[in-house]
Structure formats: structure tokens, C-alpha cells
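> Chain residues, written in single-letter form:
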Amino acid sequence: MKAYLGIDVGSVSTNLVLIDEQAHIIESYYLRTNGQPILTLQKGMRKMAAKLPMKITVNGAGTTGSGRYLAGIITGADIIKNEITTHAVAASSIVPGTKTVLEIGGQDSKIIILRNGVVSDFAMNTVCAAGTGSFMDQQASRLNMPIEDFGPTALKAKTPVRIAGRCAVFAESDMIHKQQLGYNLPDILAGLCEALVRNYLNNVGKGKEILAPAVFQGGVAANVGMKKAFEKALGLEINIPEHYNVMGALGAAILAREETIKTGISNFKGFSVANAKYHAGGFECTGCPNMCEVVEIYKSKKVIARWGDRCGKWSNSIAQSEKIS
Amino acid sequence: MKVTFPHMGYLWISLKAMLEYLGVEVQEPPPTTKKTLILGSKHAPEFACLPLKLNLGNFMEAAEMGADTILMAGGCGPCRFGYYAQVEYAILQDLGYKYQLVVVEPPEKHISEFLARIRYITGGRPWWQVINAIRFGYIKARVVDDLEKMAQWRRPREIIPGSTDQAFSAALQLIIEARHPRDVPKAQSQGTQIMNQVQVDERKPVVKIGIVGEIYTLLEPFTNLDVERHLGRMGAEVNRSICLSEWINDHLFMGLIKGTRSSKEARRAAPPYLNHFVGGHGQESIGSTVLYAKQGFDGVIQLLPFTCMPEIVAQSILPGVSADLDIPVLTLVVDEQSGEAGTITRLEAFIDLLNRKYQQKEVLA
Ligand code: SF4
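Top line first, the protein sequences correspond to chains A and B. Letter by letter, the first sequence follows residues 1 to 325 of my numbering. Letter by letter, the second sequence follows residues 1 to 365 of my numbering.
Hints listed in this document are in silico derivations from the structure and should not be mistaken for laboratory results. These figures come from a predicted structure and were not determined experimentally. Note that CB positions come from ideal geometry on N, CA and C, so glycine has one too. Do not take every clue at face value.
To be verified - Now the stretches of chain A that chain B is said to cover, found in silico as 3 or more residues with beta-carbon under 8 Å: (1) 76-85; (2) 303-312.
Said to hold, decoys possible - Residues of chain A placed beyond 12 Å of chain B at every Cβ, according to the derived structure: (3) Lys2; (4) Lys47; (5) Ala88; (6) Pro96; (7) Ile112; (8) Asp137; (9) Arg166; (10) Phe170; (11) Lys299.
As the list claims (entries may be wrong) - Ranges of calculated distance between the beta carbons of each label pair, as one might list FRET restraints: (12) B:Pro31 x A:Ala212: 48 to 58 Å; (13) B:Gly296 x A:Leu155: 44 to 54 Å; (14) B:Arg356 x A:Met291: 17 to 27 Å; (15) B:Gly96 x A:Glu284: 21 to 31 Å; (16) B:Gly124 x A:Met291: 37 to 47 Å; (17) B:Gly23 x A:Ser173: 52 to 62 Å; (18) A:Gln36 x B:Asp94: 34 to 44 Å; (19) A:Lys51 x B:Asp226: 36 to 46 Å; (20) B:Gly320 x A:Leu155: 36 to 46 Å; (21) A:Ser173 x B:Pro31: 51 to 61 Å; (22) B:Ser262 x A:Phe170: 37 to 47 Å; (23) B:Glu340 x A:Arg46: 46 to 56 Å; (24) B:Leu115 x A:Phe170: 33 to 43 Å.
Please construct the entire structure, taking both the sequences and the accompanying hints into account.
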């Protein structure tokens with residue numbers, strides 16, 4: 001059986017997905033990146049290889065996420081695509097005719113508008129680095145509750161409290177204030193979900209036409225309180241795909257499948273890369289006052305990739321056989 | 001007296017030429033780098049916009065190299081920029097720097113006001129010399145702008161990656177080295193020749209993107225994370241809505257030099273979306289977007305430093321312009337927190353989107 005591998009290396013999580021010819025997920029992994037993208041990627045590859053049934057051959061691979069070039073070089077990916085494209089592709093493969101993708105992860109939030117199956121508009125959170133996902137994690141731990149209980153508790157709310165959710169700092173102090181006033185926890189949590197949704201729609205979704213079918217994905221989609229808050233605010237039914245937190249990797253796998261079917265060959269280097277010795281190094285170039293921090297990827301002792309230089313002096317010095325698309 | 005000034009793209013080339021021609025000793029700050037940003041943001045108010053932080057860093061770095069007098073523009077109107085000179089000066093004083101401050105306010109009515117201020121700095125040089133010096137600075141700005149435009153056209157079409165940028169910096173060096181107005185034409189023709197040697201694929205399909213937004217962010221590549229170069233490498237031809245020489249002509253010469261693009265056209269194109277001045281270049285951002293749409297550009301990118309008020313006004317109006325005139329607009333907010341990976345993702349996704357539209361257009365045509 002032929003299969004395709006999709007890899008999403010982000011700053012918070014690294015996800016791997018293996019799909020079959022019909023784009024069904026055979027296997028998927030969600031790992032914390034912990035600031036070590038290469039090691040995490042290799043760990044995921046090893047896990048995947050161990051689980052792989054004998055009769056499967058991997059016919060193509062694709063990467064996405066902020067570490068997509070790094071992962072693409074290490075694995076020999078057939079396509080390297082940004083997160084907007086991969087998330088859009090994945091959503092419309094699960095909910096055909098998707099018109100809106102709401103995506104909230106640990107760090108970034110985005111909205112993607114699709115019309116006739118192609119991306120016609122998108123936006124990502126512009127500045128605030130305090131991601132909604134990590135903020136919710138923080139609040140759950142401040143309230144001494146497992147994050148899994150957050151959503152179900154919020155669903156019990158009768159009258160959600162209005163929380164000022166302009167930014168995480170305001171939201172937290174307002175929540176504490178409302179707790180002190182004696183509001184019950186479900187109402188506060190539901191209020192927080194509504195505040196976060198309001199914030200998302202004002203800052204990310206600004207001016208965009210949100211139509212059904214809408215798909216909600218990313219780590220935060222696990223929270224049923226958020227789903228309900230979205231439905232209330234938008235007056236639409238919100239779909240949450242089964243594999244909501246690995247959609248980027250799924251999209252990359254689907255694109256890799258399309259690409260290799262077109263070209264007939266794959267550059268995928270196989271799972272042995274999980275055991276090769278890679279490491280990232282780097283230096284500050286003193287060639288000019290830009291003082292670029294040049295990142296280098298070594299395989300054994302050999303430099304296989306470089307980037308981070310503004311002038312191209314270093315990145316161009318390595319013959320790039322793979323064309324990065 | 002050793003005069004310094006804040007960086008804003010290639011402004012330093014013009015200013016240095018002008019001042020040195022008048023016999024003023026100049027110490028331009030080292031190019032803006034991460035070190036500049038770290039220095040500046042450490043001492044600037046958190047919610048000030050990026051330009052203030054970088055100006056401050058520039059001054060601190062220039063002081064290390066012996067600068068003792070700051071030449072800085074002032075301004076008026078709703079944008080905070082007008083009092084940056086004073087705020088920056090006060091911060092520097094608190095930090096113990098021994099700087100002199102000379103603020104050049106843009107002339108309100110006539111170029112003679114501007115001339116008088118320049119003459120003041122140079123200690124009563126004869127008028128003809130002052131005028132020649134200003135002309136010298138302006139000519140350099142124009143030549144640099146022309147070379148930049150060549151680079152913007154060549155970058156997406158270059159055959160050897162990076163060759164345009166290499167040629168451009170070589171050409172720029174010639175302009176910098178020109179010591180006298182009469183040396184500029186030769187430097188320009190040599191520079192042009194260097195640019196023309198970059199091999200390009202003229203038939204390659206490229207998308208065209210207009211860039212609008214706050215002037216400092218537009219002109220200073222460190223601030224905008226080098227967006228023009230990234231776009232070029234991704235196969236997009238870039239047009240910047242404000243170039244240095246146009247800005248000088250508009251704001252310092254009061255439009256004295258005819259036949260160049262002027263911000264007036266942009267302002268005239270802004271209504272009915274934005275009918276009046278909102279400070280900074282807010283109105284121009286809207287107007288330029290309208291003009292780009294009419295000129296058949298494939299997309300527009302708006303650049304603004306976090307907390308910039310005029311651009312926030314423009315940002316909230318742009319979705320309407322974009323929908324009416326069917327031109328995709330991407331807003332990039334830059335700040336000391338901005339990461340390169342996130343910016344590149346946004347740019348790539350935007351180019352993907354434009355390419356798809358472009359192909360559709362081709363099919364229809
Ligand atoms: S990599 Fe190039 S641009 Fe960066 S510091 Fe070195 S010489 Fe300068």
C-alpha cells in the first residue's frame with residue numbers, strides 16, 4: 001500500500017501524519033517541540049517507523065510550519081508549503097466545500113477564506129505573541145484544573161459573565177476580579193471563551209465574510225466551550241475535524257501526494273534520517289554590519305543547509321539541489 | 001561639531017553628501033541592526049512605535065563613534081513623530097549623553113524656510129553653496145531611487161539567486177563615493193551598467209505588488225524585515241508607494257521639482273474612503289492602494305509599526321477598498337517582537353494567493 005507523510009514543525013508542537021491513497025489518516029503523532037525541532041522530528045520519525053505496517057511504502061513527503069525548510073531538507077520533502085495553504089487543503093479535504101477555516105493554535109491564530117475550493121483571503125494575528133492556546137493552558141493551571149475540563153465546565157454556564165478580553169493581561173485580571181465578586185466558575189469560563197472569540201473575530205477576522213461550512217481547527221478546537229462561543233457569535237454551525245490538531249501535517253501530506261503523482265518520483269530520504277546525526281549550529285557573520293545570525297544544519301560533520309543571511313553570501317554558497325517551492 | 005542623524009533607508013547617503021559638501025563633519029550611525037534595536041528598546045517607552053526605538057539606538061551608537069550633534073526632523077499634526085526629536089533628546093540627556101539637538105521642521109509655506117534652517121546649521125555659508133549642497137543631496141537620492149527601481153524589477157527575474165543584490169550594493173557604493181555633484185552622472189551610468197549586467201529571464205511571469213504604509217517602515221529595510229527582498233526572491237515585482245526623492249520633493253521642497261510622482265496624487269485618490277488628513281501617511285496609504293488597483297497591480301501590502309495611529313486608521317478602512325476594487329491587501333504590523341519566520345509565512349501565503357488570481361486572469365484574458 002502506498003502512503004504519504006506530512007510533517008508540521010512549529011515552535012510549540014511537531015506533528016506527523018501518514019495518509020493512504022484516499023487521504024485517510026493511518027497514523028498521526030503530536031509531539032511538543034520543546035525548542036529542539038530536529039530531535040523532536042527524529043523522535044517522531046522513529047515512532048512512525050516503529051508503527052509502520054510492513055506492507056506500506058512511503059511514496060512522498062511534505063513539510064509545513066515555521067520549521068518547514070529545516071524539516072524539508074532533513075527528510076527530502078517533495079513539497080514545502082506554508083501553514084495557510086496546508087490548513088486550507090486539509091480542511092477542505094475533510095469538509096468538502098469549506099468556505100471558512102478558523103484556526104487557533106498555541107502561538108498563532110488565523111482565518112482562511114476559501115471560495116470555490118481556493119484560498120481567496122486570509123489573515124493571521126498581527127502582533128500579540130501571547131497565543132490563545134497557551135493563555136488558556138495558563139488559566140487552567142491557575143484555577144487548578146486540567147485543561148481537558150475547561151471546555152466541559154464552560155458548557156455548564158447559565159449566564160456567561162462578560163470578561164474584558166482585549167488582551168491576555170486584561171482578561172486575566174478581569175477574571176480574577178469576577179472570581180472575587182463571587183461569580184461561579186462555569187459562567188466565568190464561558191465568559192472567557194466568549195471574550196477570546198470576540199477578540200479573535202475583531203483582530204483576526206476583521207472585515208472578512210465568514211460563511212458556512214466553517215471548520216474550526218488547531219489545538220484550541222479541543223475546547224467545546226470555544227466551539228459553543230463561536231457558534232453563538234457567528235450563528236453558524238461549526239465543524240471540528242477528528243484530527244483537529246494535526247491539520248497542517250495532514251495538508252502537507254495531501255499536497256505531497258498530489259505532487260508525487262504529478263512528477264512520478266519522490267525525494268523522500270526514508271525513515272533512516274531518524275538515526276542520522278544532524279545538528280544545528282550557527283554563527284554571527286562579521287562580513288558587514290548586518291551581523292546576521294546564520295543558521296547551519298550539519299549532517300555528520302558536513303553542512304547541508306544554511307540560512308539567515310541577508311545578503312545570500314552563505315545560503316548561496318551551498319548548491320541547493322532541491323528547489324524550495 | 002560632528003553631526004549625526006537617524007537612519008531611514010538610504011537617506012544617510014543624501015544627508016552625508018549634503019553636509020560634507022558644506023564642510024560639516026558627519027558621523028552617520030552604523031547601519032541599523034539588532035544591536036541598535038536592543039539598545040533603543042531598552043531605553044524607549046514600551047508603547048512608542050518602532051521608529052522611536054531605532055532612532056534612539058542610532059544616536060547611542062553614533063555617540064560611541066564620536067557624534068555630538070543630532071540633526072533631526074520635526075513635524076506637526078496628529079502623528080506623534082512631531083515630538084520624537086524632543087522625546088529622544090530628553091531620554092539621551094537622562095542617560096548622560098552630551099548631545100546638541102538641531103530640529104529641522106518641514107517648511108510650512110515656502111522652501112526658503114528650509115534653506116534658512118540648513119544655513120543655520122552650517123554657520124552662514126553663502127546661499128549658492130547651501131543651494132548646491134541641497135541639490136547634491138537630492139540628486140543622490142534620485143539616483144539611488146532609480147537604482148532601487150532597477151533592483152525591484154530584476155530581483156524576481158534574476159537567473160542567479162542573489163545576483164541583483166550583489167550588483168545593487170556595488171552600484172550603490174559608486175554613488176556613495178561620488179564627492180562632488182559633477183561626479184554623480186558618471187557614477188550613475190557606471191552603476192546602471194552594473195545593474196544591467198544582472199542576467200534576467202524577461203519572460204518569466206511575475207506578480208506585481210504595491211507597498212504602502214508609514215514612511216519610515218517603508219524605507220528602512222531593517223524595520224520591515226527586508227520585505228522587498230523576500231518578495232523579490234519569491235517572484236514578485238515590488239513598487240514602493242513612497243521613494244526618498246519624492247518624499248524630499250514633497251516635504252522639503254514643497255513640490256518644487258515637477259514631473260515626479262507626488263503624494264498629492266495619492267491623497268487625491270483617497271476619497272471617498274478617507275476624506276481628510278489623519279496624520280502620517282494614513283491618507284496616502286489608502287490613496288496609493290486605490291491607484292495600485294487601478295493600475296492593475298495584483299496585490300498591496302501595508303506596512304505599519306505597531307501602535308502607529310494613522311496607519312491603524314488606514315488598516316481599518318483597507319478591507320472596504322480591497323473588496324470594492326477587488327485587490328487583495330495584506331497588512332504587516334512590525335514591532336520589536338516580529339519574527340522573520342512568521343513574516344515569511346504570511347508573505348508566501350499572500351504570493352500563493354496572488355499567483356492563483358493571476359493565473360485565473362490569464363485564463364480569462
Ligand atoms: S551574511 Fe551577508 S549581510 Fe549578513 S552579516 Fe554577513 S555579509 Fe553581512
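> Is 33 to 43 Å a correct range for the gap between the Cβ atoms of Leu115 (chain B) and Phe170 (chain A)?
Violated, at about 50 Å.
> Non-interface claim for Lys47 (chain A): all C-beta distances to chain B beyond 12 Å?
25 Å, holds
> Please confirm whether Lys299 (chain A) is truly not at the interface, meaning its C-beta sits more than 12 Å away from all C-beta atoms of chain B.
Holds, because the least Cβ-Cβ distance between Lys299 (chain A) and chain B comes to about 22 Å, which exceeds 12 Å.
> Cβ-Cβ distance between Gly23 (chain B) and Ser173 (chain A): within 52 to 62 Å?
About 58 Å separates the Cβ atoms of Gly23 (chain B) and Ser173 (chain A), which means 52 to 62 Å holds.
> Checking the smallest CB distance to chain B, is Asp137 (chain A) really beyond 12 Å?
20 Å, holds
> Does Pro96 (chain A) really sit off the interface, with its C-beta more than 12 Å from all C-beta atoms of chain B?
Non-interface label on Pro96 (chain A) holds, nearest chain B Cβ at 19 Å vs cutoff 12 Å.
> Given the hint of 36 to 46 Å, is the C-beta distance from Gly320 (chain B) to Leu155 (chain A) inside that range or not?
37 Å, holds
> Decide, holds or violated, for the assertion that all CB atoms of chain B are farther than 12 Å from the CB of Lys2 (chain A).
Consistent with the label, Lys2 (chain A) stays out of reach of chain B, its closest Cβ about 27 Å off (over 12 Å).
> Verify the CB-CB distance for Gly296 (chain B) and Leu155 (chain A) against the hinted window 44 to 54 Å.
Cβ of Gly296 (chain B) to Cβ of Leu155 (chain A): about 51 Å, so the range 44 to 54 Å holds.
> Falls inside 48 to 58 Å, the C-beta gap from Pro31 (chain B) to Ala212 (chain A)?
Taking Cβ atoms as reference, Pro31 (chain B) and Ala212 (chain A) lie about 51 Å apart, which means the hint holds.
> Between Ser173 (chain A) and Pro31 (chain B), does the beta-carbon spacing fit 51 to 61 Å?
For Ser173 (chain A) and Pro31 (chain B) the Cβ distance comes to about 41 Å; the hint is violated.
> Between Arg356 (chain B) and Met291 (chain A), does the beta-carbon spacing fit 17 to 27 Å?
Since the Cβ atoms of Arg356 (chain B) and Met291 (chain A) sit about 38 Å apart, the hinted range of 17 to 27 Å is violated.
Of the numbered hints stated above, those contradicted by the structure are hints 5, 7, 14, 21, 23 and 24, listed in ascending order.
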